[in-house]
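Peer 1: Keeping the supplied structure of chain X fixed, place chains U and A upon it in accordance with the hints.
Okay, here's what each chain looks like letter by letter:
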Amino acid sequence: MKLTHSLLGATALCAMTATAAHAVDLEVTHWWTSGGEANAVSKLADAWNATGNKWIDGAIAGGGDTARPIMISRILGGDPMDAFQFNHGRQAEELIQAGLLLDLTDVAEANHWKDIVQPSSLLDACTYEGKIYCAPINIHSWQWMWLNNKVYEDLGLPVPTNWNEFVDTADEVAAAGKIPLAMGGQPWQQAGAFNVLATAIAGQDAYLAVNRDKDESVAGGPEFAKVFEAAAQARELSQGSNVQDWNQATNMVITGDAAAQIMGDWAQGEFALAGKTAGTDYTCLPGLGLNAILDAGGDAFYFPAQDDPETTAAQKELAALLLQPETQVAFNAAKGSLPIRGDVDMGTVNDCTKKGLELLASGNVMPAGTTLLSPDTNQQVNDLLTEFWASDMAPADAQARYAEIIASAD
Amino acid sequence: MAEPATLGTVAAVDAIKERTGGVGYLEGPRGGRPRRVLTAHNVVLYGTLLVIAAYFLLPLWVMLVTSFKTMDEIRQGNIFAPPTEFTIFPWIKAWAQACTGINCDGLSRGFWNSVYILVPSVVVSIAVASVSGYTLANWRFKGSEAIFTILILGAFIPYQVMIYPIAILLGKVGLFGSLWGLVVVHTIFGMPLNVLLFRNYFSSVPEELFKAARVDGAGFWGIFFRIMLPMSLPIFVVSMIIQITGIWNDFLFGVIYTSNERYPMTVQLNNIVNSVQGTKEYNVNMAATLLTGLVPLAVYFASGKLFVRGIAAGAVKG
Amino acid sequence: MAVTHPAEVAAPDAARVRRPSRLLRNIPAKIASIPMVLIALVIFVGCTAWTVFYSFTKSGMLPRLQFVGLDQYDRLWSTPKWWTSIENLAIYGVLSMILTMALGFFLATLLDRKVRGEDVFRTIFLYPFALSFIVTGLAWQWILNPEFGIQAVVRSLGWEGFSFDPLHSRELVIYGILIAGIWQGTGLVMCIMLAGLRGIDEDIWKAARVDGIPTWKTYTHVVIPMMRPVFVTTLVLVASGVIKLYDLVKAQTDGGPGGASEVPAKYVMDSMFGAQNLGQGFAASTMMLLSVVIILIPWAYLEFGGKKRG
Chain X
7 MKLTHSLLGA TALCAMTATA AHAVDLEVTH WWTSGGEANA VSKLADAWNA TGNKWIDGAI
67 AGGGDTARPI MISRILGGDP MDAFQFNHGR QAEELIQAGL LLDLTDVAEA NHWKDIVQPS
127 SLLDACTYEG KIYCAPINIH SWQWMWLNNK VYEDLGLPVP TNWNEFVDTA DEVAAAGKIP
187 LAMGGQPWQQ AGAFNVLATA IAGQDAYLAV NRDKDESVAG GPEFAKVFEA AAQARELSQG
247 SNVQDWNQAT NMVITGDAAA QIMGDWAQGE FALAGKTAGT DYTCLPGLGL NAILDAGGDA
307 FYFPAQDDPE TTAAQKELAA LLLQPETQVA FNAAKGSLPI RGDVDMGTVN DCTKKGLELL
367 ASGNVMPAGT TLLSPDTNQQ VNDLLTEFWA SDMAPADAQA RYAEIIASAD
Chain U
895 MAEPATLGTV AAVDAIKERT GGVGYLEGPR GGRPRRVLTA HNVVLYGTLL VIAAYFLLPL
955 WVMLVTSFKT MDEIRQGNIF APPTEFTIFP WIKAWAQACT GINCDGLSRG FWNSVYILVP
1015 SVVVSIAVAS VSGYTLANWR FKGSEAIFTI LILGAFIPYQ VMIYPIAILL GKVGLFGSLW
1075 GLVVVHTIFG MPLNVLLFRN YFSSVPEELF KAARVDGAGF WGIFFRIMLP MSLPIFVVSM
1135 IIQITGIWND FLFGVIYTSN ERYPMTVQLN NIVNSVQGTK EYNVNMAATL LTGLVPLAVY
1195 FASGKLFVRG IAAGAVKG
Chain A
5 MAVTHPAEVA APDAARVRRP SRLLRNIPAK IASIPMVLIA LVIFVGCTAW TVFYSFTKSG
65 MLPRLQFVGL DQYDRLWSTP KWWTSIENLA IYGVLSMILT MALGFFLATL LDRKVRGEDV
125 FRTIFLYPFA LSFIVTGLAW QWILNPEFGI QAVVRSLGWE GFSFDPLHSR ELVIYGILIA
185 GIWQGTGLVM CIMLAGLRGI DEDIWKAARV DGIPTWKTYT HVVIPMMRPV FVTTLVLVAS
245 GVIKLYDLVK AQTDGGPGGA SEVPAKYVMD SMFGAQNLGQ GFAASTMMLL SVVIILIPWA
305 YLEFGGKKRG
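Chains as they are written, first to last, in this note's numbering: chain X, 7 to 416; chain U, 895 to 1212; chain A, 5 to 314.
Read the hints as simulated data drawn from the structure, not as lab findings.
For each residue, glycine too, the CB sits at the ideal point set by N, CA and C.
Hints may contain errors.
Simulated pairs of lysine-lysine, BS3-like, Cα-Cα distance not exceeding 27 Å [claimed, not checked]:
#, chain 1, residue 1, chain 2, residue 2
1, U, K1066, X, K282
2, A, K62, U, K1066
3, A, K62, X, K137
Simulated restraints on C-beta separations [claimed, not checked]:
#, chain 1, residue 1, chain 2, residue 2, range
4, U, T964, X, D112, 48 to 58 Å
5, A, G73, X, K360, 46 to 56 Å
6, A, F57, U, F1195, 45 to 55 Å
7, U, G1068, A, L239, 39 to 49 Å
8, A, D205, U, I982, 51 to 61 Å
9, X, T283, A, S82, 31 to 41 Å
10, X, P228, A, F57, 38 to 48 Å
11, U, L944, X, D160, 43 to 53 Å
12, A, G50, U, V1009, 25 to 35 Å
13, A, E164, U, P1014, 54 to 64 Å
Chain A regions said to be covered by chain X (calculated; three or more residues, Cβ under 8 Å) [to be verified]:
#, stretch
14, 61-67
15, 270-279
Only chain X is shown next, with the shape it has when bound in the complex (with noise of 0.2 Å):
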C-alpha cells in the first residue's frame, strides 16, 4: 500500500517526540470561522487530542485583516501563539527574516515531505533559503463556478457549461427574477473573481507574465483588455446582489436565488453543509468551462519560535501531524479543499473534487496570485477592482490604472 512508506516515517517520529513530551497545550490562531471551516478546524483539534495533547482554539473571525494585527503584535510583544494560520505566499517571509518562525526542516526531512507534498511549488512557498518554515495542510483553488441546477431547469434551459453559455443565457435568468451572478461586495472576492477571469479568457501565459512577470504592457494590452470586457459584463450581471461575505453570496446560489458564483472551491463547503450533491443539485465549472486549469494556493501553518524546549518539541510533533495522511482526509473533505499530498485516497469524492484532483495530477497546475504578488499589489489591485465592481468606471479606464499598479509592483 502506498500509505505504508509515509505512515512509517510520520509514527515514527511521534514515537519519538511522545517519549519525551508530556501533555502539551498549544494555542492555535486562525481564522476559519464559518460553518465548513470550523468543521474542518475540529477535525485538526481531534487529531491533535487524540495524541494526548491539547489544542487551545483561538478563533479570530473577520478575516486575515482582523487577525493579521494579532498575530504579528503578539510576535513582536514576546508572547506569540504556538502556531498559527497564513495563506500560502510572501505574507511570512519577513517574519522568516527576522527569526522569529521556528524551522521546521528536520521534521520536513524525518516525514520525507518533499517526496510527498504534490505540486512541490508549495513546499517552496514554505522554503526560505532552503529552509522550510510552514507546513501546507490544503490547496485551495480559485478557479471554479458554482451553478444552481434547479434555476436552470426551472427555466427550461441546459446548465452552461462555460462562461459565455452563462451570459447568452443571464437575459433569461434575469428575466425570471433571479440575480445571474451572485457577488460579495468585500474586495478580495471582487479580485478573486477577476483574476479567474484572467485565467479562463485571456490565459495562463498571460495571467503569468502580469502577475508574476510584471509585465505592464501584457497588463495594459489587449488580451487583458478582453478580461475587463468580461468583468464588465459581469459586473451588470451581477446588479443586486447586496450581501458582504462570500458565503452568502453561496448561499444566494444555494437557495436559488442566484444562478451561479465565481468563488474558490471553498464554496464546496458550504454546499456540502447544506445537503448538496454536486451534479445534481449544483454544477461546477474549473476555469469558468474556458480553460481548465487551477492555481495551488491554499493555507498553512506556521510556528513561531519558543523558549520552552517541550513546546518546540509539540510544535514540531503537531507539524508532523498535519500533514499525516488520515489528518489530510478528514480536513479536506470538511473543507472542500484538496489534500498537499498526491498519494492519499480521499475515498468516495464528489464530482467537483474529482475534477480537481484530475486537474491537479494531470499537472494542470499554475502558482496563485498571493504567491506570486506581494501583499501590497495585492491591496492596491483589490482597492482598484472593488471601485471598479461597484461603480461605473469604463473598462479602459480601470486597465489604465491596473496597468500602472503592475508597472510599480515589487
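Peer 2: Showing chains U and A alone in chain X's frame:
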C-alpha cells in the same frame, strides 16, 4: 500621610458641596418658563421631543424585537413590527451555543474574562487619571501645562498607530500578554479624556479652601483624600462610566494584548457577528449585541443623574 | 467606596519610582505625576515620533530601517483611495460637528424649558453613548438594509417607488454612516450643553425678560456667547472622535460599496495590516497627526497657554 482636617475645612467642604453638587444646580431648569400647560407652544415642544426620542429609540427597538423573532419571520419583512411568534431561542444561542471556531459555548465564555479585565483596568486608570488631574489643577510644576497639552493631543491619535510600538515596549518591560499589560494600555488610552475631566473639576475648587487646608498643614495627599475626594463623587462617576463603557466595549486591545484564555466578550461578539454560517442569523446577532451591551447600559441607567451632574462639573469649566 | 479605593492603589504605585529632583518643594506632587509624565512623553510623544520616523522607511510587515525619503508620501498622495478617504472625512467631520452640536444644543434648550419627564428624555438621548461603534454600525446597517429596513417597510405601506438605500450607493454611503454617528454622539453633546445652560445665572434670564427680549434672541445674543468654553470643550470631544472614525465604518460598510466610504483611519489600518506596508500606514497616520496638530496647537495655546488656575 493625610493630616486630620480641621473643623474649619470641613465646614468649607460642605459649603462647596452645596455650591457645586448640591440641590438646585442641575435639577432646576433656568430657561424662560412656559406659563400654561396646554399651549400651542407646549404641543410643539413635546411633539419635537417625542419625534427626536423616536429616532433615538428606533435602533434599540429594532434590536429588541429582532432578537425575539424567528429567522422565518425576519425574512418575511417588517423589522419594526413586534414578533408574532415570540422566541427566546436567539438569546439562548447567543449566550450559550454560538460558535467561535470550534468552541460552541457562545458569549458566556467571555463574560467573566471581561469582568476580570474590567475591574483592575477601571480602578487603576481612574486612580492614575484622578491623581494626575489633581496635580495639573492644584500642584502645577514647570512644564505641567505642556504635559497636559500633549495628553489632549493624544486624544486625537488613532489607536491603531500605537499598536506596534506599544507591543514592543510592553515586550521590553515584560508585561506583554499579561493582565497588567492590558491594564497599562487601558490606563494610557483613558488618560486624555479623564485627566481633562478631573483637572477641570478640581480646578473649580475655590482657592481659599485649598489655602486654608495648606495653612492647617495638610500636604499633597492629605488635601487629596480629605478635601478633594469627599466632594468629587459626581466626577468619579462620570469617569467610571466612561471607562467602564470604553473598556467593556474594547475589542482591539483585549484581543491583541492578552492571549486566548482571556479574550473578552467582544471577541466572541465579533466572531458571532462576523462569521456567517449559512445565512446571517440576524436574531442571534442582535441578541448577542444586546447581551454584550448590557453591562455598560446597566451601569449607565443606574447612574444617569450623577453622570449628568459630573459632566456638568467636569466638562464645562474650561 | 469606589471613590477612595482607586487613589489608595495609585499612591504606592506612583511612590515606587523615585527620581532625584532639585526642587525639594512638593515632592509628593512630583512623584504622583510621574505616571502621567511617562505616559505623555514615552507613549504619546515617543510612539508618535517612532511612527513619524518609520514613515520615511520601507517598512513592510515589520519595522525596518531602510530609508526611502518621501517615497511613502508620494505614493500616499497619488493613491485615489486616500483622496476618497480625506473627502469622506471632510464631509463626515464637518457635518457631524455641525449637526451634533446643533442638535445637541437644540435638545438641551428644549430640556431646559422645564420639561416634564426630563430624566426620561435625557436618558433616551444619552443611552447610545453606552454602546460601542461596532454595535451602532450593525444596528444601523440593519435598519438601512433595503430588503428589511426602512425602504422595505415604506414600500410595503404602499409607496412602491420609495427608494432609500444609502449604504449601497456610492454617493450617499457616507451620509448613511453620518446618521449612525449622530445617533451615537449627540447625547453626550446634549448633556454637556445642558450642563452649560444650567450654569448660566438665573438673573440673566430675569434681566432679559424685564427688557422684553424674546427668548430666541436671549439664546443667540446672550447665552451662546457666554457658553463659549462649553462649545470649545464639546468641539474638541467631537473632533477627536471624528479623526479616529474607524470602527463605525468597519462595522457598517467596511469601506464599501467599492471603497466609497473609506476613511483615513481605515486607510492606515488597511495599509499596515492588509497590505503589510507599515511605512505607508505610518505616512498616512503622520498626515492625520499633522492636520490635527495644525488645527489644535493654536487652540491649545489660546485655551491653556496664558490662563491661570481656575
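Peer 1: Assuming the hint says 38 to 48 Å, is it satisfied by the Cβ distance from P228 (chain X) to F57 (chain A) or not?
Peer 2: With Cβ atoms ~46 Å apart, the hint holds.
Peer 1: So does G50 (chain A) sit 25 to 35 Å from V1009 (chain U), Cβ to Cβ?
Peer 2: Taking Cβ atoms as reference, G50 (chain A) and V1009 (chain U) lie about 32 Å apart, which means the hint holds.
Peer 1: Can the stretch 61-67 of chain A be counted as covered by chain X under the rule of three residues or more with Cβ-Cβ separation shorter than 8 Å?
Peer 2: holds (count 3)
Peer 1: Between G73 (chain A) and K360 (chain X), does the beta-carbon spacing fit 46 to 56 Å?
Peer 2: 55 Å, holds
Peer 1: Is the listed coverage of the stretch 270-279 of chain A by chain X valid when you require three or more residues with a beta carbon under 8 Å from a beta carbon of that chain?
Peer 2: Since 7 is at least three, the answer is holds.
Peer 1: Taking 31 to 41 Å as the stated bounds, is the beta-carbon spacing between T283 (chain X) and S82 (chain A) within them?
Peer 2: 51 Å, violated
Peer 1: When you check the alpha-carbon spacing of K1066 (chain U) and K282 (chain X), does it fall within 27 Å?
Peer 2: 53 Å, violated
Peer 1: Given a hinted range of 45 to 55 Å, is it respected by the beta-carbon distance of F57 (chain A) and F1195 (chain U)?
Peer 2: 46 Å, holds
Peer 1: Against the range 39 to 49 Å, how does the distance between the Cβ atoms of G1068 (chain U) and L239 (chain A) compare: consistent or not?
Peer 2: 41 Å, holds
Peer 1: Per the hint of 48 to 58 Å, is the separation of the Cβ atoms of T964 (chain U) and D112 (chain X) within bounds?
Peer 2: With Cβ atoms ~55 Å apart, the hint holds.
Peer 1: Just to be sure I understand the hint, the distance between the Cβ atoms of L944 (chain U) and D160 (chain X) should be within 43 to 53 Å; is that true here?
Peer 2: Holds: the Cβ-Cβ distance is about 50 Å, inside 43 to 53 Å.
Peer 1: Can you confirm whether the C-alpha distance between K62 (chain A) and K1066 (chain U) stays at or below 27 Å?
Peer 2: 24 Å, holds
Hint compliance for this structure: hints 1, 9 are broken, all remaining hints hold.
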